[in-house]
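So the protein sequences, as listed, match chains A and B. Following the numbering used here, the numbering of the first sequence begins with 4 at its first residue and continues without gaps. Following the numbering used here, the numbering of the second sequence begins with 451 at its first residue and continues without gaps.
Misleading hints may appear alongside valid ones.
Claimed, not checked - Straight-line C-alpha distance at most 35 Å; calculated DSBU-like pairs for lysine-lysine:
no., chain 1, residue 1, chain 2, residue 2
1, A, K47, B, K552
2, B, K612, A, K216
3, B, K609, A, K216
Stated by the list, open to error - Derived Cβ-Cβ restraints for the label pairs, each shown as a range:
no., chain 1, residue 1, chain 2, residue 2, range
4, A, F65, B, E648, 42 to 50 Å
5, A, R239, B, L514, 29 to 37 Å
6, B, P577, A, F191, 31 to 39 Å
Treat the hints as calculated values from the structure; they're not laboratory data. Quick reminder that beta carbons are idealized off the backbone N, C-alpha and C, glycines included.
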Amino acid sequence: MALYDTESIVVNTIDLGEADLLVTLFTREYGKIKAVARGARILKSRYSGFFQPLLVLNTLYFGNERQELYRMASIDPVKVYDISSSMDKMFTAFCMMEVLEHCCGPGEINLPMYRLALEGIELLDSGDQGPNLALCFAMRGLSVAGYMPHLKDCIACGGDLSGDKLRFSPSRGGVLCNRCLSGAGEHFPISMGCLKFLVATLGLDLKRSSRIKLNQNLKEETGNIIFNHIAYNLGREMKSLRFLEL
Amino acid sequence: MVKRPKPLSVLIERLNKLPGIGERSAQRIAYHILKTPEKDAEKLSRAIMEVKEKVIHCSLCYNLTDQDPCQLCQDPSRDKGTVCVIEEPGDIYSIEKAAGFKGLYHVLMGALSPLDGIGPEQLRIEPLVERVKEGGVKEVIVATNPTLSGEATAMYLLKVLKPLGVKMTRIAHGLPVGGNLEFADEVTLARSFQGRQEL
Numbered sequence: 004m005a006l007y008d009t010e011s012i013v014v015n016t017i018d019l020g021e022a023d024l025l026v027t028l029f030t031r032e033y034g035k036i037k038a039v040a041r042g043a044r045i046l047k048s049r050y051s052g053f054f055q056p057l058l059v060l061n062t063l064y065f066g067n068e069r070q071e072l073y074r075m076a077s078i079d080p081v082k083v084y085d086i087s088s089s090m091d092k093m094f095t096a097f098c099m100m101e102v103l104e105h106c107c108g109p110g111e112i113n114l115p116m117y118r119l120a121l122e123g124i125e126l127l128d129s130g131d132q133g134p135n136l137a138l139c140f141a142m143r144g145l146s147v148a149g150y151m152p153h154l155k156d157c158i159a160c161g162g163d164l165s166g167d168k169l170r171f172s173p174s175r176g177g178v179l180c181n182r183c184l185s186g187a188g189e190h191f192p193i194s195m196g197c198l199k200f201l202v203a204t205l206g207l208d209l210k211r212s213s214r215i216k217l218n219q220n221l222k223e224e225t226g227n228i229i230f231n232h233i234a235y236n237l238g239r240e241m242k243s244l245r246f247l248e249l
Numbered sequence: 451m452v453k454r455p456k457p458l459s460v461l462i463e464r465l466n467k468l469p470g471i472g473e474r475s476a477q478r479i480a481y482h483i484l485k486t487p488e489k490d491a492e493k494l495s496r497a498i499m500e501v502k503e504k505v506i507h508c509s510l511c512y513n514l515t516d517q518d519p520c521q522l523c524q525d526p527s528r529d530k531g532t533v534c535v536i537e538e539p540g541d542i543y544s545i546e547k548a549a550g551f552k553g554l555y556h557v558l559m560g561a562l563s564p565l566d567g568i569g570p571e572q573l574r575i576e577p578l579v580e581r582v583k584e585g586g587v588k589e590v591i592v593a594t595n596p597t598l599s600g601e602a603t604a605m606y607l608l609k610v611l612k613p614l615g616v617k618m619t620r621i622a623h624g625l626p627v628g629g630n631l632e633f634a635d636e637v638t639l640a641r642s643f644q645g646r647q648e649l
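Model the full assembly from the supplied sequences, consistent with the hints where possible.
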C-alpha cells in the first residue's frame, strides 16, 4: 500500500453509492487517476466543497501501485477559484475538463498539459478568458498530448495550402489539398479563416486567445473540426463543444 | 458444486441490479424474503407493481404523484405566484420538511451536464418557460444543487426566463446552521462571503 502526496486538478466527479464520490484527478506527478472520496456528498463532510471541477488541490491518496482506483486520504485547496460566476466561464470549464479527460491517459504523466490546465484555470478565474478560450485550449491540449493535426501543408503531398477548396481529414490527421482527396476517407471542408485560426492557436499564449476575433460561422466550423478530429483519433465525443453556443 | 434453486438465483440476480445493492446484500435480502410470511412477500411484490402502475409525473410540475395534477399543485393554500425549480422529485420532500416554503414546484428532471451530453432539450425547461409565459408566476426560485452543473442550469434559466419579466432568485450558499467557521472548508466560506446579506 503506497501513499501519494501531490498537487491535482479535479477533472470530473461521479456520484457513487449513497454519499460517496468517484473523483477523476489530473495529478502533477502521477498523471490522471481515479479515487473514491468516502462521504464527500454529505453536507457536513470535510470534502464537500472541495471536489468542484477544476479546483486545484493538494491531495493525499493511497492504494496499491498501478491499481485503478485509489482512496482519498486528505485534501487541501491550493487556491479557491471562482468559475461559476457566468455561463461562458462554466461552459468553457466543461470543455477544458473534457479535453483533460479525453487527452490524458490513466497514469500518464504530462507536465506540459498540467501547466496548460493551470494557465487555463487562472484565466477563467481572472475573467479575461475571452470567447475562444475553449477552442484554443482544446487545440493546445491536442498538441501537448501528441494529437496535433497537420496544418502547415497538405498532409498527403506536402503541397501549399493556398487553394480555396481545402478539406480536413480526421483519418489522415490533417488538411488535404484539392488534388489529394481520393481515398482520404471522410473529410470536411475547411475555410482559410478556420485554418489560420487553428494554426495561430498552436503557438498562442492562452492569455492572448481573447485577441483573436471569430464570427459565429467560423466558431462553429472550428468546433466541428476539433470535434471530428477528437472523435476519430481518440474515439471520444467532445459533447461540451455544442454548449458553447448556448 | 451445489447450485441454488433457480427462483432464488433469479431473485438475487434481480436484487443485485438495484442501485447500491451488491451481491452479498442481494443474498441477504433474498434469504430474508424467503423467511418472511407469504403475505409480507405478496405485499412487497404488490407495492412494486403498484408503484410502476400508479405513480406518474404531474403534468404541471413533474413531481411524482398518483393523481394528476399532484396534491401540491391542487392545494389552494399554496402561493401560485412563486415557483421553486429543483433538479429531482426527491428534492421536494427535503424542502417540504423545512416547512418554510409555501409556493409551487417545478422539477427539471436533472441538470445541464455537458460532459454527459445532457442539454436543455433533455430537461423540463420548455414547460417551465411555458408556465411562466402563461402568466401568474411572479418569482422563480432556482434551487438546483450548488455544483457546477447546478450553477450552469441556474444561469441558463436566468438567460431564458429573465426576458419574460419574472423575478429570478437563487437559494443561498454558505455555512450550515450550527456549524463553526473554524471547521468550514475554504470553498464554502468563500461562497458565504460572496452571498453575504446586509443586516
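Here is what the structure says about each hint:
| no. | hint | result |
| --- | --- | --- |
| 1 | K47/A x K552/B | holds, 27 Å |
| 2 | K612/B x K216/A | holds, 28 Å |
| 3 | K609/B x K216/A | holds, 24 Å |
| 4 | F65/A x E648/B: 42 to 50 Å | holds, 46 Å |
| 5 | R239/A x L514/B: 29 to 37 Å | holds, 35 Å |
| 6 | P577/B x F191/A: 31 to 39 Å | holds, 37 Å |
Going down the numbered hints, you'll see the structure goes against none, and every one checks out.
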